[in-house]
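With the hints as extra help, turn the sequences into a complete structure.
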Amino acid sequence: MNRGIAELRNRGIAEIPQFTNSAIPQSPLVRFLRAVFEVTRKDLLVEARTREILNTTIFFAISCVLVFAFGFVREGRPVQDAAAGILWIAIAFSGTLALGRGFERERQGETLRALLMAPIDRPALYVGKLLGIVILLAAVEVLVVPLVALMFQAALFSHAALMIGLLAAGTIGFSAVGTLFAAMLVRARSRDVMLPVLLYPITVPVIIAGVRGTAALLAPEADLPMARAWLSMLVFFDVVFVTLALWTFEPVMTE
Amino acid sequence: MAADLDFQKLELLEVTRTFGRRRALNKVSMTAGAGTITALLGHNGAGKSTLLSIAATLLQPTSGSVRFGTHDGRNGGRALRSRIGMLGHDLYLYAELSAAENLRFFANIYGLGGVERRVDAALDRAGLAARRDDVVSGFSRGMRQRLALERALIHEPRLLLLDEPFTGLDESAREALRARLRAARTDGAIVLLTTHDLAAIADLPDASVSLVDGRVQ
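Same order as they appear, the protein sequences are chains A and B. If you're matching positions, the first sequence starts at 1 in our numbering and goes up one per residue. If you're matching positions, the second sequence starts at 256 in our numbering and goes up one per residue.
Incorrect hints may appear among the rest.
As the list claims (entries may be wrong) - Some, not all, of what chain B presents toward chain A, calculated at C-beta under 8 Å:
1. 334
2. 336
3. 339
4. 345
5. 347
6. 348
7. 349
8. 350
9. 356
10. 364
11. 366
12. 367
13. 368
14. 421
What the hints assert, rightly or not - With the C-beta cut set under 10 Å, the calculated list includes, among others, these residues of chain A facing chain B:
15. 42
16. 110
17. 111
18. 119
19. 189
None of these hints come from the bench; they were simulated from the model. Here a beta-carbon is modelled for each residue, glycine too, at the ideal position from N, C-alpha and C.
Right under this line is the structure:
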């Protein structure tokens, strides 16, 4: 009999209460998806209250497009292929801001420790954070894409389905790597400097595929097979990056 | 569903933890049983918080082992984590969410049933039922502390770990916290708390472990 039981009995408590598991029985997939949903919903709820990331990233992305527009539009005519590059630069730069801030929030109240202690699969935490970032960046893109189309007279909506595919696949690929690195760096003192230093070299293939795919769509004669090829490349990068991130997230988050 | 992993004893056996060259814990051994409150005493930097992090499975010992009843801490995973509640010096609350939203989020993350009933009961115990929809950033330290304690207890953990829980509380809030911890002890929880304020814990602990420079004195 351990000391605790002895003391309970001294206090007139006959038996140690058996603690039953009060969790609802769920299949692993349902449990995983539920954790993803809860983490994403919480992130979006916090963002809806503060609008901190959304306002910052939108302001940054719009500023970026406007500044480039002054440099690359001469006498009302944009430099060829500039629109594609500037669109993806705006997405990548504003995405970096969103990624850093998304995990900074979890560090401030040490809520990341509470999440790591929760009985959820760690990859579910990763996917939940990733989805939150992707949704925020999608909101930024809703404003930035029409702005780029307007400033650079770019026919970004001529092949809307392919354009949406490129944007979705590119955003997922960029955010997949970024979410992993932002989580890795959350306790690092120089995280704000380290995140872009680590992130941009790894995501260069995603940015290049996004730029080339978009440029193929914006060419005077839209090169649809080329755009589809770059989209396939982006989907391939997404699969590789998300798989690697899911595989490494648990060891990365274990101190 | 997590395997129904319960335990009635926490044992640390020769636990050492180093950070680079610094040895935060040096061959620490201790036992805490169900229905007891154990105080970890020591000055800042003595290794108390490191020990709690190891007991919480957030840190792995460099050497030695942690046993939760018959289960090894290294193999516990999700099932073991569902049995542990922790209140850190930072309170693990989202300042932008309301009291009810914080509790609801953690209840859902733990996969609990009867979430609204649990949230209502926890808010009642914390004396925050009237402030349930107020965001936490507007709460006083004492109110946040009470909410954070209920957050740590919402899944009825067997092992409750508290890092300096009395810091920043006035005497009435301290007495309320002591009463809540006595109730957890009566329910059979293993309570492990760190403090350097002996007056605050009064006659609460059943046992104490004193740490000096990472060693048990």
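For each hint, the structure was consulted:
1. 334: 7 Å, holds
2. 336: Holds. Min distance 5 Å.
3. 339: Check passed: Cβ of residue 339/B comes within 6 Å of chain A, closer than 8 Å.
4. 345: 4 Å, holds
5. 347: 4 Å, holds
6. 348: Given a least distance of 6 Å, the restraint on residue 348/B holds.
7. 349: At about 6 Å, which falls below the 8 Å cut-off, the nearest Cβ of chain A leaves the hint on residue 349/B intact, so it holds.
8. 350: Holds: closest Cβ of chain A sits about 6 Å from residue 350/B, inside 8 Å.
9. 356: Holds - the Cβ of residue 356/B comes within 8 Å of chain A, reaching about 7 Å at its closest.
10. 364: 5 Å, holds
11. 366: OK, holds: residue 366/B within 8 Å of chain A, min 4 Å.
12. 367: 5 Å, holds
13. 368: 5 Å, holds
14. 421: 18 Å, violated
15. 42: At 5 Å from the nearest chain B Cβ, residue 42/A passes the 10 Å test, so the hint holds.
16. 110: 4 Å, holds
17. 111: 5 Å, holds
18. 119: 4 Å, holds
19. 189: This hint is violated: residue 189/A lies away from chain B, its Cβ roughly 15 Å from the closest one there, beyond 10 Å.
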